[in-house]
Every structure is written in C-alpha cells, then in structure tokens.
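Participant: As a plain string of letters, each chain reads:
Protein chains: 2
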Amino acid sequence: MADDKKLVEQITSMDEDFAQWYTDICKKADLIDYSSVKGCMIIRPYGYAIWELIQKNLDTRFKELGHENVYMPMFIPESLLQKEKDHVAGFAPEVAWVTHGGSEKLTERMCVRPTSETLFCEHYANIIRSYRDLPKLYNQWCSVVRWEKTTRPFLRSREFLWQEGHTMHATAEEARAETVQMLNVYADFHEKDLAIPVIKGAKTPSDKFAGAEDTYAIEALMHDGKALQAGTSHYFGDGFAKAFDITYTDKENKVVHPFQTSWGVTTRMIGGIIMTHGDNNGLVLPPAVAPIQVVVIPVAAHKPGVIDAASALADRLKGDFRVKLDASDNSPGWKYSEYEMKGVPLRIEIGPRDIEAGQCVLVTRHNREKTIVKLDELEKAVAEKLQAVRDGLYEKALANRQRRTYDCETMDEIIKKLAEGGDGFVRAMWCGDPECEDKVKEVTGVGSRCIPLEQEKISDKCVCCGKPATQLVYWGKAY
Amino acid sequence: MADDKKLVEQITSMDEDFAQWYTDICKKADLIDYSSVKGCMIIRPYGYAIWELIQKNLDTRFKELGHENVYMPMFIPESLLQKEKDHVAGFAPEVAWVTHGGSEKLTERMCVRPTSETLFCEHYANIIRSYRDLPKLYNQWCSVVRWEKTTRPFLRSREFLWQEGHTMHATAEEARAETVQMLNVYADFHEKDLAIPVIKGAKTPSDKFAGAEDTYAIEALMHDGKALQAGTSHYFGDGFAKAFDITYTDKENKVVHPFQTSWGVTTRMIGGIIMTHGDNNGLVLPPAVAPIQVVVIPVAAHKPGVIDAASALADRLKGDFRVKLDASDNSPGWKYSEYEMKGVPLRIEIGPRDIEAGQCVLVTRHNREKTIVKLDELEKAVAEKLQAVRDGLYEKALANRQRRTYDCETMDEIIKKLAEGGDGFVRAMWCGDPECEDKVKEVTGVGSRCIPLEQEKISDKCVCCGKPATQLVYWGKAY
Numbered sequence: 001m002a003d004d005k006k007l008v009e010q011i012t013s014m015d016e017d018f019a020q021w022y023t024d025i026c027k028k029a030d031l032i033d034y035s036s037v038k039g040c041m042i043i044r045p046y047g048y049a050i051w052e053l054i055q056k057n058l059d060t061r062f063k064e065l066g067h068e069n070v071y072m073p074m075f076i077p078e079s080l081l082q083k084e085k086d087h088v089a090g091f092a093p094e095v096a097w098v099t100h101g102g103s104e105k106l107t108e109r110m111c112v113r114p115t116s117e118t119l120f121c122e123h124y125a126n127i128i129r130s131y132r133d134l135p136k137l138y139n140q141w142c143s144v145v146r147w148e149k150t151t152r153p154f155l156r157s158r159e160f161l162w163q164e165g166h167t168m169h170a171t172a173e174e175a176r177a178e179t180v181q182m183l184n185v186y187a188d189f190h191e192k193d194l195a196i197p198v199i200k201g202a203k204t205p206s207d208k209f210a211g212a213e214d215t216y217a218i219e220a221l222m223h224d225g226k227a228l229q230a231g232t233s234h235y236f237g238d239g240f241a242k243a244f245d246i247t248y249t250d251k252e253n254k255v256v257h258p259f260q261t262s263w264g265v266t267t268r269m270i271g272g273i274i275m276t277h278g279d280n281n282g283l284v285l286p287p288a289v290a291p292i293q294v295v296v297i298p299v300a301a302h303k304p305g306v307i308d309a310a311s312a313l314a315d316r317l318k319g320d321f322r323v324k325l326d327a328s329d330n331s332p333g334w335k336y337s338e339y340e341m342k343g344v345p346l347r348i349e350i351g352p353r354d355i356e357a358g359q360c361v362l363v364t365r366h367n368r369e370k371t372i373v374k375l376d377e378l379e380k381a382v383a384e385k386l387q388a389v390r391d392g393l394y395e396k397a398l399a400n401r402q403r404r405t406y407d408c409e410t411m412d413e414i415i416k417k418l419a420e421g422g423d424g425f426v427r428a429m430w431c432g433d434p435e436c437e438d439k440v441k442e443v444t445g446v447g448s449r450c451i452p453l454e455q456e457k458i459s460d461k462c463v464c465c466g467k468p469a470t471q472l473v474y475w476g477k478a479y
Numbered sequence: 001m002a003d004d005k006k007l008v009e010q011i012t013s014m015d016e017d018f019a020q021w022y023t024d025i026c027k028k029a030d031l032i033d034y035s036s037v038k039g040c041m042i043i044r045p046y047g048y049a050i051w052e053l054i055q056k057n058l059d060t061r062f063k064e065l066g067h068e069n070v071y072m073p074m075f076i077p078e079s080l081l082q083k084e085k086d087h088v089a090g091f092a093p094e095v096a097w098v099t100h101g102g103s104e105k106l107t108e109r110m111c112v113r114p115t116s117e118t119l120f121c122e123h124y125a126n127i128i129r130s131y132r133d134l135p136k137l138y139n140q141w142c143s144v145v146r147w148e149k150t151t152r153p154f155l156r157s158r159e160f161l162w163q164e165g166h167t168m169h170a171t172a173e174e175a176r177a178e179t180v181q182m183l184n185v186y187a188d189f190h191e192k193d194l195a196i197p198v199i200k201g202a203k204t205p206s207d208k209f210a211g212a213e214d215t216y217a218i219e220a221l222m223h224d225g226k227a228l229q230a231g232t233s234h235y236f237g238d239g240f241a242k243a244f245d246i247t248y249t250d251k252e253n254k255v256v257h258p259f260q261t262s263w264g265v266t267t268r269m270i271g272g273i274i275m276t277h278g279d280n281n282g283l284v285l286p287p288a289v290a291p292i293q294v295v296v297i298p299v300a301a302h303k304p305g306v307i308d309a310a311s312a313l314a315d316r317l318k319g320d321f322r323v324k325l326d327a328s329d330n331s332p333g334w335k336y337s338e339y340e341m342k343g344v345p346l347r348i349e350i351g352p353r354d355i356e357a358g359q360c361v362l363v364t365r366h367n368r369e370k371t372i373v374k375l376d377e378l379e380k381a382v383a384e385k386l387q388a389v390r391d392g393l394y395e396k397a398l399a400n401r402q403r404r405t406y407d408c409e410t411m412d413e414i415i416k417k418l419a420e421g422g423d424g425f426v427r428a429m430w431c432g433d434p435e436c437e438d439k440v441k442e443v444t445g446v447g448s449r450c451i452p453l454e455q456e457k458i459s460d461k462c463v464c465c466g467k468p469a470t471q472l473v474y475w476g477k478a479y
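Note that the protein sequences, when read in sequence, are chains A and B.
Anchor point for the first sequence: position 96 equals 96 in the numbering used here, and the numbering is continuous, going up by one each time.
Anchor point for the second sequence: position 389 equals 389 in the numbering used here, and the numbering is continuous, going up by one each time.
For the record, the hints were derived by calculation from the structure and aren't laboratory data.
Some hints could be false.
Any copy, or any two copies together, can satisfy a pair, since identical chains are not distinguished.
Result set (SDA-like, lysine to any residue): computed pairs, CA atoms no more than 20 Å apart in a straight line [claimed, not checked]:
| id | residue 1 | residue 2 |
| --- | --- | --- |
| 1 | Lys-242 | Leu-134 |
| 2 | Lys-63 | Glu-52 |
| 3 | Lys-56 | Trp-141 |
| 4 | Lys-136 | His-169 |
| 5 | Lys-56 | Gln-163 |
| 6 | Lys-370 | Gly-351 |
| 7 | Lys-324 | Asp-308 |
| 8 | Lys-149 | Thr-107 |
| 9 | Lys-56 | Arg-322 |
| 10 | Lys-477 | Gly-421 |
| 11 | Lys-242 | Asp-214 |
| 12 | Lys-136 | Tyr-34 |
| 13 | Lys-56 | Pro-45 |
| 14 | Lys-303 | Ala-327 |
| 15 | Lys-105 | Glu-78 |
| 16 | Lys-56 | Glu-68 |
| 17 | Lys-56 | Trp-162 |
| 18 | Lys-477 | Arg-427 |
With the hints as extra help, turn the sequences into a complete structure.
Facilitator: See below:
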C-alpha cells in the first residue's frame, strides 16, 4: 500500500493551496507537460482526448445548426490587422510577430492570429455578393496565440486551441439571434455535458471584445469561488463590414452591408472542468467528455477466472461506453488511486466472490458510493450511474455557486459577505456608469462579470453611487 | 442553357494547360480562396470537408494501431531546433521566425514549427524512463509552416495542414517495423479510399528527410505524368535520441537510447486527388472522401409530386450515404454542371416519368454512365455504383500510370521514351552513386523518386555510368 499512498500524497490539498492543487492535477493526471517554449503547454494524450470529445460534441451541434468548417491562414499581415481600429487597439499589444521568412526580412511583418475576424472579413468581402449568399455560417478549429505575461495551463497560455465561429447575416435581427443562439449552445453544452452551471449575460461596455457592439458570455463559478469566463459570443453590427467593405445586393437591388457575429470557446474549458469538479483525490470528469468512462479492475486477479471475468465484462460494455480494463500487475489499491486521479467517473471491481455471486461492484468517482449490481443488469446500471455522476456533479457545483452567491445593496455589504463566506458571485445593482464599475472593483475587489440575461431587481439603487439603477450585475474575482 | 455553358467554359482544358486547369478546379469547385497572406490558402467549406473525411479515416486507422493524439506548441526556440545538426541544416532556411511578442523583442527568436521532431524529442526525454514506457506512439494533427518561394494550392504552400506521427521504440527492429507499417497504412488509404495507385519505396540518400536514417515514401503518378510524393515515413535510428539525451532503463537494467520514427501526410493529398481523377468537367472525388456522395436532382421539378419524390428518395438514402437534395430553382442542366464541377461521384435524376415507372436514373460522375434503377433496389444500386466509381477511378489511374511507365537501360532511351510517350515514371537501374543520380536528372530531366520495395531486375548495369547496378529506381518529374 506504500505505492497507493505515495500517489495521493503527490497532490497539494485544494484547501491548502488551490492554485498549486490545480497545477498538480494538470501534471499528475497526465493532462499537460511543460517544454522549453515558455508560456505554452504540451497537451498530453489524456488531456487531448478530453479536447477531442469536446470538439466532437460541439462540432456536431454547430453542424446541426448549419455551420460549416473552414481553415484560414495562421498569419495576419499588419495592414490587415489594422483595418478595424478598435480591434487592432485591443489585440496589437499581445500578438507574436513574424518578421523573417528563412533568412529574408519580410517587407511587411505578420502576426500569428490572436483571432481571425480580419481574415474572415477579407474573405467575406470576396465571396459575398448577393442576398442569396447569406447567411454565411463558418467555423474554424485552430490554435491562436496571445502573448500573455502570466500563464497557467488551460486557463491562460500563449497558445491555445479553440473554435471561432464567424457568421454574416442579411439583417441585424438575424445576427443578434445567432449571437444568442450560440451563447445558448455553449450554455447547454456546459450544463448538460460538462455538468457546469453557468450564468448567461452581457459584458459591460468596458469588457466587450475589441470591435464588438455587444459581447455575451457564460460565467461559471469555480470551486474556490472565483469566476471563469467559459465562452463568449459577439455581435458586431456592421462595423467590420464597413471597415472591410463587405457589401451585398439585397432583394430590392440595393447595395448594403451585412451584419456579423463571432463566438468561441477554448481549451480553457478543461481548466473549468478541473476547478469545478476536481477534489483532493484528483480530477473528476463528467462522463460526456471522459476518455475512459468506466474502468474495470479485477480484484485478486491472480485467482483463476478473475481476469477472464473482468475482461468479458469490459468487452460487454465496449459497444456502449468508453471502457478500459486494467489487468496490469499493479495492486487494486494503486489502480483505484490512479483512476481516481484521472477522474474516471465509474469504476467496476470484480473479484472471486463477485463472480460466484454473479455480481460486480460499481463505485462512482465523485462520491465514492459503492453499489453491488447483478451482472445481468450491468448495462442498465452503468448507464444510470453515469447519468447519476453527471447529475451529482451538476448539483454539487450548483450548490457551491448558490452558497457563494451574495445579494448586496452596498459596497460595505459586499466586503462583509465576501469576508464571511469567501470568494463568490456578488449580485448587485449598477447604474451603468463605468466609474462606478471601476470603483466597485477598487474598493471591494470584485469586477463586473456580466449583466445576466435573466434580470432580477435586488434594489433600485446603484451599489456604488446610490443613484437610480435598473441593471443587475454579477460581480466576482476572475481567472 | 446559357448558364450551364458558362459554368463549364470557366475551366481551362487540362490538355491545353494542366497547371491552369488545376488552379481553375481549386477555385471553381470552391476548394480554396486566396487572401492577402501570400503563399497561404484559405481552405473553403467544400475543401475542408474533404480534409475532415481524410482526417477521420486516417485517425481511425492510427488509433486502431494504438496511436494517441497530442498537441505540441507551435513554436520552436532556435536553440531547440539546432540540437540535431542535419535537421537544423535542412529546415532553418525555410522557417518563419517570430522575433517579437507584443512590443517586446524576444530574448531568443522562435520559429513556427516546420515539423515537430525537436519538440517531441524534448518531451520524450522528460517522460520516457523505463522500458515499461515504450513504445510511445504519438500523433499530432496541426498546421505547419515552410517558407516556400513558389507556391500552389495544396501542393506547396507556406502553411499546410498535416498529421505527424512520432514514435519511440525499445529496439531498432520495432522502429523499422513501425516505419514500414505506417507506409503501408498510407498506401492502403491511397489505393482503397482515394483510388490512387502508389509505388512504395525508399528515398535515395540525397533525398532523405533531414536527420533520418531512412526515408520511405509513396509516389503517385498524376494524370499529366508528373510524380507526386504523397506520404513519407522516416526511420531515425537513435540519432535524435542521442542528440536530445533520451534514454531508458531496459529489462537488464542498462541505460540505453530508444529508436524513433516519424511519418506524415498533408493537405497535399487533396492536390493528388484533383490531379489523378479530375477531368475537363471539374473535380472527380473518390466516394470515401466525397462530402456529397450522392446528389439528388429533381427533373421537371415544377410538376406535381416531383420535389416530394426526390426529397423522399434523398431521405431514404441519408442513413447510409452523404446525400444532398438540390431542390433549388436552377435548371437541371445547371445543376448537372455544378455537381460535376464539384466531383460528386453519383447523381440521381428523378422526374415525372420515372416516378410513374417506379424508377430513377443513376449517373456516375467519372464516366457519365446512366443506369435506370427500380426504386425498391435503390440502396443496393447506390452502394454498388459508389464501389464502381472507386474501382473505375483506380483502374483509370492505374492504366494511366502503366501507359506512362517506361523501362529504360540507357539515358538515350529515357529521353526517347519520354519524348514519345510524354512525362511518366522511368524505371531504370542505378549503381548507387549520387553523381549518377544527379547526371540522370541533368541529362534526361527526371530525378530519382524512390527505390521501390518490390525490386525487379531490368538490367545489370547503371543507366548512367554502365557500371554494375543492383537497384531498380523509379525516376520522374515531380510536383
């Protein structure tokens, strides 16, 4: 049992040092590794398998809604980046610049894409002519680069993987509907598949995407009470279309500008999964994106028939679930620790006595609940348990958020409630003045996260200046 | 019918100008577009859908053989690139250099990966300790950059998409077996799924990958008689392992170096598909990678019941095939041209008389053969036709290669046969001297493509110097 203990000892307790606990999981669950490329991460097979499941799920959702995938160049010439003024101001300070090709200096330097609005716009200007060409519903899966000073695996790294949807519509209404539709897709994916409850809302003007008219986001609360912006969806109006001279001939034969959206989620979601569901034994994965949903572990494997029974059991489940049989020489205890660390939602133990009784033991990762199941009811039991894991994770995360959500009417109340309950979401009214927004952050430490789509009236005064206020805002400390 | 004609007129004839015909197809079949990023291409939805089908097929094959996907950083610090001497000499002249992050100059410049051996090696040095850690069978799907002077869509562009497998093995034998196994995977994929016959062979020493002990390739002959290197698989021995200090403790407790391979195919394969199967009506896609395998076109669509019948027919096929119903207002003739241009393997026409007779018309793209099929035999007929398209494409490509393959014993014979028959594969013996290799190219215009794994004895003398020669070499002009 010395080995078992060692494995668990390697993780810092989340209560002791949440940041170190997070990094420990990234490394010990074999999600990432570091390299000599500062600020970037290697996504290892187990981490990448999670990403592939996320991609597959979202890609199916996007395509069902009529989106098509494309691939744009990874470089953006400086002059192209500069075409939309707000956009370049937002991104130029944090891009990587390519200045040489081989031994030759480029006549114009190019950045590695931090996002691809400019490239999509240039292309749309080429291919959109008539109302018959609209809508254009494009998406791209790729890596992007932003030259961050402080980096953390998945949460903030110089290079990350993402998808970026870029769509063009005949009318503002249709583009606005797309913006909200994709926000809802992200929210649904987070809640149903990642078991992460989210708040859907609009960003305040100071927090909008560079060049957007409106930015929407889904905000999740992590186990430690800090907020994570988990996905964004932007409405651009016709601002980029004007800057890039994108026009089409409408049904009345007039030449007009189309309306645009973009929306994206990134490998950051993996960080969100870790910080929402993980515990002191390691990662806890929601079944929808778990590379291994069920691990089968033979107990007393040296006894005759045990490996065979475990193997038969794994084979039975393989058609319906992602299953791994671990028939290695390691002790069952070591294996339990190992697959708990890796967050496998469901473990099946089977030993000589189980075989005799025609049963096996199911153990759910998140609560270590054991259930003895008759072998002839196995498929049904496994499906139910995986659903129970998803539901249990969601309820636990929701309870954490509810416990850490504070309705406040004054800044003093914010300070007091955060001090008493720990970090979390503060819900408080805001008059709309950016100065108040800044002051709340300065005085209480929490910044505006979003103006939730589902509004409630907590009071009728701004939490900062006391003037009349009609907007409920979620405030928090953010990753 | 004016419209129909216009569409077809837009392509240059392949007999008139093969290069222009190729570019025309890339553009007119909506595969790519250009942008202000010189030497790079936009892969449009239809082109990207082909790539996604290629990816899915290969990814499944790789995973079935135990490979796992990972993601490495896209940057390589200059010092890391320089660790293996042959490798840096091969790639440094053609990389894009990042010198600035935001407004700050980097202390060490980094290149955008032209290939990732160096990053994989650094990582392997971190994670391989014991023989139990071997083999490591990793693959990566990503984009890479090589600063080419002359570029053509898919065939040679500054950025392209690819997969790069990187594996580490305990023994040289095992690594060699992997190298050949992956070459065979590529060959099988090309022959069975892309319907492109290939020659499997080894590259001559002058043509090896920078840092490899042996490079294997599959070589295909395009319609115009030029060769296309369609995939490569490299055996590295322990050269990189030594340069990167990758060691493991073997079963006898000795610290030794592992043995390495890498292998890759790229979006270039799409170029190969175009130039192998395309014709003067446009693209011709092998069914395995056709985004639309079957297009259903209603004839006399204004007549009652026609659209409904076509729609019902498309719905019936949707479970088994990738089907599109085109019920738009365009004329049937316009649609025929459009989907011929896009290379859709099978067209189904259905009009009032067909409905009455309980039948429809199947037309195969590559030979325009029409078959009348009873509706109750539709699924079977469609499956058979798609197989017939694949077989027909393969046979046509093989016949082209056979017609254009010339066995030669002297350089005069090479010149004569190429002049008579047009460009193609020359099969001739080689003594192994690089000077002879160069001279053959200089005098006859064809370079060595590969030393085929299946050797035959055409003569016993080198085609160049006349000294004894035991190696049969395929020679050709290459893309």
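Participant: Could you run down the list of hints and mark each one as holding or not?
Facilitator: Taking the hints in turn, this is what the structure says about them:
| no. | hint | verdict |
| --- | --- | --- |
| 1 | Lys-242 <-> Leu-134 | within (17 Å within a copy, 56 Å between copies) |
| 2 | Lys-63 <-> Glu-52 | both (16 Å within a copy, 13 Å between copies) |
| 3 | Lys-56 <-> Trp-141 | both (11 Å within a copy, 15 Å between copies) |
| 4 | Lys-136 <-> His-169 | within (7 Å within a copy, 47 Å between copies) |
| 5 | Lys-56 <-> Gln-163 | both (12 Å within a copy, 18 Å between copies) |
| 6 | Lys-370 <-> Gly-351 | within (15 Å within a copy, 63 Å between copies) |
| 7 | Lys-324 <-> Asp-308 | within (14 Å within a copy, 48 Å between copies) |
| 8 | Lys-149 <-> Thr-107 | between (28 Å within a copy, 14 Å between copies) |
| 9 | Lys-56 <-> Arg-322 | both (15 Å within a copy, 18 Å between copies) |
| 10 | Lys-477 <-> Gly-421 | within (14 Å within a copy, 74 Å between copies) |
| 11 | Lys-242 <-> Asp-214 | within (17 Å within a copy, 54 Å between copies) |
| 12 | Lys-136 <-> Tyr-34 | between (39 Å within a copy, 18 Å between copies) |
| 13 | Lys-56 <-> Pro-45 | both (16 Å within a copy, 17 Å between copies) |
| 14 | Lys-303 <-> Ala-327 | within (13 Å within a copy, 66 Å between copies) |
| 15 | Lys-105 <-> Glu-78 | both (14 Å within a copy, 17 Å between copies) |
| 16 | Lys-56 <-> Glu-68 | both (14 Å within a copy, 16 Å between copies) |
| 17 | Lys-56 <-> Trp-162 | both (13 Å within a copy, 19 Å between copies) |
| 18 | Lys-477 <-> Arg-427 | within (13 Å within a copy, 70 Å between copies) |
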